Structures are given as C-alpha cells and as structure tokens.
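Chemist: Residue strings, one per chain:
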Amino acid sequence: MNFIPKTIKFRNNELAWQKKYNINAPKKGALAPDFELADVDCKNTVQLSDFRDQKPVALIFGSFT
Amino acid sequence: VSLRELYKSYSDSVQFLPIYIREAHPVDGWWMGGGIMGKMMKKYSPSTAFDVYDPKTMEERRTVAGRCETTLQYGIHTYIDKMDDSVSHAYAARPTRLYLIGLDGRILYAAEPGPYGFKPNELKHAIDIYLNMNP
Numbered sequence: 001m002n003f004i005p006k007t008i009k010f011r012n013n014e015l016a017w018q019k020k021y022n023i024n025a026p027k028k029g030a031l032a033p034d035f036e037l038a039d040v041d042c043k044n045t046v047q048l049s050d051f052r053d054q055k056p057v058a059l060i061f062g063s064f065t
Numbered sequence: 066v067s068l069r070e071l072y073k074s075y076s077d078s079v080q081f082l083p084i085y086i087r088e089a090h091p092v093d094g095w096w097m098g099g100g101i102m103g104k105m106m107k108k109y110s111p112s113t114a115f116d117v118y119d120p121k122t123m124e125e126r127r128t129v130a131g132r133c134e135t136t137l138q139y140g141i142h143t144y145i146d147k148m149d150d151s152v153s154h155a156y157a158a159r160p161t162r163l164y165l166i167g168l169d170g171r172i173l174y175a176a177e178p179g180p181y182g183f184k185p186n187e188l189k190h191a192i193d194i195y196l197n198m199n200p
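Residue numbers (the numbering used here), protein chains in the order written: chain A, 1 to 65; chain B, 66 to 200.
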C-alpha cells in the first residue's frame, strides 16, 4: 500500500476511535474518572482520587511516537 | 509554553501525571518515520521516536515508557495505562490529550483530542485561573 492511501486509512481509523470514545470523555465540570496506574519500574502506583482535596492534577496523555 | 516549562513553574502547586498510552505512530502502524514526513518530523520533533513498535505486553510498554521518560527528562514519574487501554478509553486520550482536575475531583479543563487540541498554553491558562481563584 502506498503512503497516501495508507495514511488516509490510519487517519480515518483514528478519527473513528476519537469519535467513539470522545462522546463519553469527561467534560468541564464532570467528575474525573478514577484510576490506579503503576510507573515504569512498577515501584510506585498512583490513584487519581488520592489527590482529592490535596492538589489539582494535570493529566498529560501521550506516547513516544 | 512547553510542558517542561509548565512542570518547572507549577510543580509545587499542581500534580502533573504523565500517562503513557498506546503508541500513536509505531513502526508496525501509522509510522511517520519515512519520506518527507519523516524528515520533517525528525527536524521539528526531535524527541519523537521513530523506531518503536506497538508494545504487545505490559513489560514492553514499561520498556518504551521508560525510554520515553529518560529521553524527555521531565524529572517526574510516568505512569502506564493497562493493556486494555481503560484509562485511555475513559478520557478519549489518544493520541495525546491534556486535562486539569480540581481539588473536588471535577474537570476544570478538558482539551480537545490531540494533536491539534494539544495546547499547553491553554492548560497554563486554566492553571493560572484556578490558582488565582484558589490562592
């Protein structure tokens, strides 16, 4: 598959994914969904709700690519 | 403003949680490391990796996230979404996204999905408003 059709296919898939999940993503004023995750060494875990009444939290989602 | 500058300026008053999610442009997916696009990406986004395959296990995710953490050197822990992508789904976080959450656990700022919605300046603005109202 050459570059342009391949890019269009991946882009459309990504947009479909965003459309599917963005409907239920929390909006301004909504309660943030809680979660518990481990760090890269599995030595520390974090639970979002632990910061309630302690500190505001900035979530930065991303990957390496 | 860059995320690095935000961490530097606000880490005393805001808890930053970088969360590693499924790769956006892995070699075995929507790869952007080749051709003219690859050259542009390498020039304008030098910290982006172009040799990463989509991790298939948590161990692989930890390895890639560790590389990412080491490369970016923000000095804060990166947390890793589980293989079912549950947190990514809950926040519609792919490929990249920013949120600010207040002390009451409610969303103060929800960016539009990245990459076009990834605007650290907007996050900074939301933090400034919040801190001004809650000194």
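Treat the hints with care, since some could be wrong.
[Claimed, not checked] List time: in silico EDC-like cross-link candidates among lysine to aspartate or glutamate, alpha-carbon distance up to 20 angstroms:
| # | chain 1 | residue 1 | chain 2 | residue 2 |
| --- | --- | --- | --- | --- |
| 1 | A | LYS20 | A | ASP53 |
| 2 | B | LYS121 | B | ASP77 |
| 3 | A | LYS27 | B | GLU187 |
| 4 | A | LYS20 | B | ASP149 |
| 5 | A | LYS20 | B | ASP169 |
| 6 | A | LYS43 | B | GLU134 |
| 7 | A | LYS28 | B | ASP93 |
| 8 | A | LYS43 | B | GLU125 |
| 9 | B | LYS104 | B | ASP116 |
| 10 | B | LYS104 | B | ASP93 |
| 11 | A | LYS20 | B | ASP93 |
| 12 | A | LYS19 | B | ASP77 |
| 13 | B | LYS107 | B | ASP93 |
| 14 | B | LYS184 | B | ASP169 |
| 15 | A | LYS55 | A | ASP41 |
| 16 | B | LYS147 | B | ASP169 |
| 17 | A | LYS28 | B | ASP116 |
| 18 | A | LYS55 | B | ASP77 |
| 19 | B | LYS147 | A | ASP53 |
| 20 | A | LYS28 | B | GLU187 |
| 21 | A | LYS28 | B | GLU177 |
| 22 | B | LYS121 | A | ASP39 |
[To be verified] Among the chain A residues that face chain B by a calculated CB cut under 8 angstroms, a handful are:
| # | residue |
| --- | --- |
| 23 | ALA16 |
| 24 | ASN22 |
| 25 | LEU37 |
| 26 | VAL40 |
Hints in this document: simulated from the structure, not taken from any laboratory.
None of the values given here were measured: they were computed from a predicted structure.
Even for Gly, the Cβ is constructed at its ideal location relative to N, Cα and C.
Chemist: Under the constraints set out in the numbered hints, which ones does this structure not fulfil?
Modeler: As far as the earlier hints go, 1, 2, 5, 7, 11, 12, 14, 15, 16, 17, 19 and 23 are violated by this structure, in ascending order.
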